[in-house]
Amino acid sequence: MSREQRLSEIITDHQGREGPLLPILHDVQEEFGCVDEEAERAIALALNLSRADVHGVVSFYHDFHTKADSRPVVQICRAESCKARGVEALMEGAVKAAGERVKLADVYCLGLCSSGPNARVGDKLHARLDGAALNKLIENA
Amino acid sequence: MTIIRISDDALARACGADEVAAAFAKAGATVERTSSWGMQWLEPLVEVDGKGFGPATVDDVAAILDGTSDKGIGVIAQHPFIASQQRLTFARAGKSRPLSLEDYEQHDGWVGLKRARQIGSEQIIAELLHSGLRGRGGAGFPAAIKWKTVAGAVADQKYIVCNADEGDSGTFADRMMMEGDPFALIEGMAIAGEAVGATKGYIYIRSEYPDAIDKLRKAVNLCAHIIAPFECEIRAGAGAYVCGEETSLLNSLEGKRGEVRAKPPLPALQGLFGKPTVVNNVLTLCAVHHILAEGGAEHYQSLGIDRSKGTMPIQLAGNIKYGGLYETAFGITLNELVYDIGGGTASGRPVKGVQVGGPLGAYIHPDQFEVPFDYEAYTGLDALIGHAGITVFDDTADMGAMARFAMEFCAVESCGKCTPCRIGSTRGVELIDRIRAGGRVLEGVELAPQMHNMPKKGRSQEDEIKLLEDLCETMKFGSLCALGGFTPYPVMSALKNWPEDFRGK
Ligand SMILES: Cc1cc2nc3c(=O)[nH]c(=O)nc-3n(C[C@H](O)[C@H](O)[C@H](O)COP(=O)(O)O)c2cc1C
Ligand code: SF4
Ligand code: FES
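Chain order of the listed sequences is A and B.
164 is the number of the first residue of the first sequence in our numbering; add one for each residue after it.
181 is the number of the first residue of the second sequence in our numbering; add one for each residue after it.
So here's chain B without its partners, still in its complex pose (with noise of 0.2 Å):
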C-alpha cells in the first residue's frame, strides 16, 4: 500500500493539511504525519516514496496517488532549497514522526544525552565552549560560560528553563523544532541537567502556540523514563511579548506580573524562586544534542565566520517567494538569502528592505545585503541578527509607517516599568504623525498671551525629526531591557533609509 507522508506542522495544518490527509485516508492510503521539511510555500507538501507534490489540496490526491499529478517537484531532499542547507539542529526535519520515540532512536536519538551521561559535568561543558555555541534566543551569550556559572553556583535546587516564547514577528524556528522534533529539545534541557546538576526544567511556550504546547506536552510524558531523573514540566504563556526577556519569563513562571528584573543578580546565580538557572532559547538547546554526540564540538565549531560558530536555522518570511526555514553556517549574505534562496518577493515586486530579527531589529535597505550573517557584522551596522528571521517588503511598503508600528508595538507591550519605554513609545507614535503631518502648529491654550514662555510658532518637521532622534536616543540608553532599548533600531533605521516615507505624502 501506498505511504503518504503529510507534516502535522501548524503551518502546514493552517493550510489544509489536515483535510488533504483525511482524503487520502478515505482514498485508501496510509497517512504517515512527519516534521515539516520547511518549504513553506509548499504546504502542504505530500511526500510518496521521497517524491514531493505540493502546495497540495484535497482535489489533488486522485491525481498523485494515480501519477498524474502536476504538482511534482521531483526528489524532495534533492531540492535546491534543501540539498543546499546545512542541517544539524533541523537534521530530523521532515524525516521523522515528531511523537515517534521510534523515529527519534532510528534518526540519532539521545545519543548526546547519553554520551554526555558518560562524560560528565566538567567534559560537557568544556565541549560545549569548544563548539563555540551563542544563544540562539537573540543576544548571542556564549551558552557554556552561563552553564558554567549554573554548574560553579551551590544551591539546593538548580533550574534549567527553555525559553520559548518566541515573539518575534518573521521567526518560528522554535515553533516547528517543538512540533517537529520535541525530543531533541528535551534530551537538549536534560543535557544541560546533567551538565549544571538541575534535575527540574520547565518549558515556557508562548499560547499563541497551541500546537507546541500540546505536542510537547505528550512529548514529555512519553519521554520521562529516558530523562529520568531529570523532569520537564510545560508551561503557557499568556499572550505578553516582553514575557520572552529572561527575567520577566522567571517572574511569569513564578506566577507574577512579567515585569523584567533588573541584573545583577544574573538569573545564573538567582533565577527561577531565586534559584541557580539556566534560561536560553529552544534553538540553542536543540543545538546541544549535535555538539555531545562523539565530535560534535570540533564540526560545530568548524562552521562559521570569526565569533559566529555553526549552523543558524535562518526564517525566511514575509513577502518572500520561497519562505521558510534554511539552516546554514554563518557568513551567508542576505543578497544569496532573499535573491538566490528566497526568490525575492513573492509578490513578484521590488523589494524594498527587509527586517532581521524581529520588531526590535533594524530595517535594512538593498545597499547593504552583502553583509555577511555575523552577530559581530550587523552589530556594526546597527543591526541585529535576534532570533535570525528576516521578513522582506517589497516597493508598495510605507516604511513611515512601519516606524510608527516600532512605537506602537513597543507601548503595547511595555511591560512599564522605566519611563523612556513606557511613555516614550507613547511619545514616539504621536512624532511620527506629526512629521508624517508635517510638523506641529501651536493650539489651543498654547496660544493665549499668557504663555509668554511658549515659541512663538510651532515645530517645523525637521525640528519634529529631529526630537524623535533625541527620544531615540533616550529609549536607547535608558530603558532596562532591549524592548525600550532597541526599538529605536528599526525607528532610526526606517528614517535614515526612506526618509521620504516620513516626509512625502
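Just chain A, with the same shape it has in the complex (with noise of 0.2 Å):
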C-alpha cells in the first residue's frame, strides 16, 4: 500500500467520530513517525480545516513531530518523584551511554512514583532502576 492510500485510510478511519483529529494524528505518529506536511495537508482537505488549524495542533503537543528520528527513543522521567530518587545524578552517564544512536526524551511522570528512577521504552516501562541498568536499557534500545 502507498503511503497516500495508508494515509487516507487511517484519515477515514476516525472521519466519522466526534474530534477525530487527535486520534488522527496519533496513528499517523505511530505508522510514519511523524506528521510532516504533506500529512497535514492531507488531513486538513479531509475534515475541512486550514492547514494552519492542523499544524497548530501538530506543534502544541510533545507527543507529535513533524520530522521522523528514526533513533531509537528512551523517555527518561525527570519528574519531582524521580528527582527525590536521584535521576539526575544519572543523566550524565545516560547521555554517555546514548551518544549519537539512541535518543533520549525527558517524561514528566510515568505513575511509578515511589519507584523511580524510571523509563519507557516502547509501551514498555522500567522501574527501580540505577546507573547500571539504565545505561543497559540505553545501550539495549
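Heads up, some of the hints might be wrong.
Pairs of lysine-lysine, DSS-like flavour, derived with a Cα cap of 30 Å [unchecked claim]:
(1) A:K299 / B:K206
(2) B:K489 / B:K328
(3) A:K259 / A:K299
(4) B:K231 / A:K287
(5) B:K275 / B:K231
(6) B:K501 / A:K287
(7) B:K251 / A:K287
(8) B:K251 / A:K299
(9) A:K230 / B:K436
Because the hints were derived from the structure by calculation, they are not lab data.
With the hints as a guide, bring the two chains together.
Here it is in C-alpha cells:
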C-alpha cells in the first residue's frame, strides 16, 4: 500500500467520530514516525480545516513530531518524585551511553513515582533503575 | 494445583512481574493476574493462599512454591499497611482480576448502578450531596453541585467526561484504579449519565499510561451491554500536562490545541462541543458506586473531618521506604503518613520536606507535618492537597533546584494563553539562576555611558529575591488557570523554608 493510501485509510477510519483530529494524528505519528507537511495537508483537506489549524495542533502536543527520527527513543522521567530518588545523578552516564545512536527524551511522570528512577522504551516501562541498569537499557534500545 | 496471584499493574510489570508470572507458569502453577494491593515496595508481590511474598524475582519461584522462601510477609490482608487503611474506592484492590466481569460482580460490582437506575436522577444527586464528595482532581469542588447544574441544563446531548490525565508527579491512584478496577470507573460514569441525562461518555487518558488505555478499551467492550444505553469511549492524550485542566481537556477532545478556556461559560453548561458536560476526575467517579449503594452516602459522610468528607486515596511517593497507595479518611497527618506508614526515606537519611499535590503544590517543612489532611487546612498553609500525591525528599535535595524546576516545568507545559505564565515562567528560571549565582552584574551595552537610565550597579541577591517574589505575585493573580497561578506555591515555599538553598554555593 502506498503512503497516500495508508494515510487516507487512517483518516477514513476516524472521520465519522466526534473530534477526529487527535485520534488521526496519533495513528499517523505511530505509522510514519511523524506528522509532516504532506500529512497535515491531507488531514486538513479531509476535515475541512486549514493547514495552519492542523499544524497548530501538531505543534502544541509533545507526542507529535514534524520530522521522523529513526533512532530508538528512551524516555527518562525527570519529574519531582524521580528527582527525589536520584534520577539527575544518572543523566550524565545516560547521555554518554546514548551517544548519537539513541535519542533520550524527558518525560514528566510515568505514574511509578514510589519506585524511580523510571524510564519507558516503546510501551514497556522500567522501574527502580540505577546507573548500570539505565545504561544497559539504553545500550539495548 | 497451587494458584499464584500476581498483579498486572504497570508498576508491578515495570519491576518484572511478567517474568515472574511466566516462571511460575513454567513451574506448573496456575497463575492469575490481579489488581495491585498497592504495597509498591513489595512488587512484584506474589500471593499464595492469601499469603504474600515480595519483592519476588524469577530466582524466588522455586522457594516460594516449596515453602522455603524467606521473602514472606504473612497474610497480605493483615499486613499493617493494608489493615490500617479504610478502602472504599480501592475496596477491590488486590482482590480481583481487572478484566473479569465475574470477579467484579462477586465483589459488589454494578450494585450502585442498579440502585441508581431505580432511584432516579433527583435522588442520586441528593445522595451524592449528602455524601459530601468533593472532586478528587485537585480543586475539591462538590461533585453534586456540578451534576445538578448539568442535570438542570436543557440540551439535545450531554456528556460525561472523565479526566484521566493524571499528570502530577507523585500521583498514580488514577492509573491503579484504571488498570486494576476499570469497571468501577465505567460504572461511576454510567451512574453520572443516569443522574444528569447523558448517554455518551469519554475517558481522556494520558498517553504516558499505555496499560491503562489498553485495559479500559477492553473493559468498555466487555461491559457495553451492561451500561447500555450509556456508551463510553476512550481517548488518548498527547503528552501535554495542561490538558489535565478541564477546559483544555475539552478542547483537546474536540481536536484543538489544548488551550485553556476562560470561564464562564462553565463546562457544566457549555462543555464538550458546547454541550452541558460533567468533567470529573477518575477517583471522583470511582467513589460514586460505593456512595450509591444502600447506605453508602451516610457511611461516606460519616468519615473525614470538617468539610473534607469520606476517604482519600493518598499516594506515597518519592524518596520513601514504604511507598504505595494508602486510602484513608481525611484528617490524617503528614507525620503519620511519612514516618509511621511510609517508614521515612528510602535512602535512610533524614526527611528534608515533602511536596503535596504535584508540581503545583507547596513544599512542606517537617515543622508543619502535624497539619491534618484537609482541603481547608492545607489552603491555610498556602499549600494544596491536589490529587493527594506526597513526594518525599531527603536532606540531600537541593530545594533551590526544585524551585527552578517548578518554573521550568511551567515554561515547558504552559498553554501560552496568558503572559504571566507563558513568559513569567521563563523569566523565573533566569531569576532563580541569578539568585543562586549571587545577583546580577551589569554587562555589555548596559555599561555604555549613553545608558543614563540604567541603575549604576547591578542587582544584589536580595534585590533579585524581591523581584522573584514580585514575579510570583504577578503569576499568582494574573494567570487564567492554576498552572501559572499555582507555580508560585512550590517556588515560594521552597524559598521560605530553605533560603540557604538559594543563597549558598
Ligand atoms: C494545570 C492543571 C492540570 C490539571 N490536571 C488534572 C488532572 O490531571 N486530572 C484531574 O482530574 N484534574 C486535573 N486538573 C483539575 C481539573 O481542571 C478539574 O478541576 C477536574 O478535572 C474536575 O474534576 P473533579 O471535580 O472530579 O476533581 C488540573 C487543573 C490544572 C489547572
Ligand atoms: S496560566 Fe498558563 S496554562 Fe493556564 S491558561 Fe494561562 S498560559 Fe495557559
Ligand atoms: S515522577 Fe517519575 S514516574 Fe512519577
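To see whether the hints hold, each was checked on the structure:
1. A:K299 / B:K206: holds (27 Å)
2. B:K489 / B:K328: Given pair K489 of chain B, K328 of chain B holds - Cα atoms ~19 Å apart, limit 30 Å.
3. A:K259 / A:K299: Cα-Cα ~12 Å, so holds.
4. B:K231 / A:K287: Holds. K231 of chain B to K287 of chain A sits at ~29 Å (cutoff 30 Å).
5. B:K275 / B:K231: Since the Cα atoms of K275 of chain B and K231 of chain B sit roughly 13 Å apart, the hinted pair holds (cutoff 30 Å).
6. B:K501 / A:K287: holds (25 Å)
7. B:K251 / A:K287: Judged against 30 Å, a Cα distance of about 26 Å means the pair holds.
8. B:K251 / A:K299: holds (27 Å)
9. A:K230 / B:K436: holds (21 Å)
Consistency note: the structure conflicts with none of the earlier hints.
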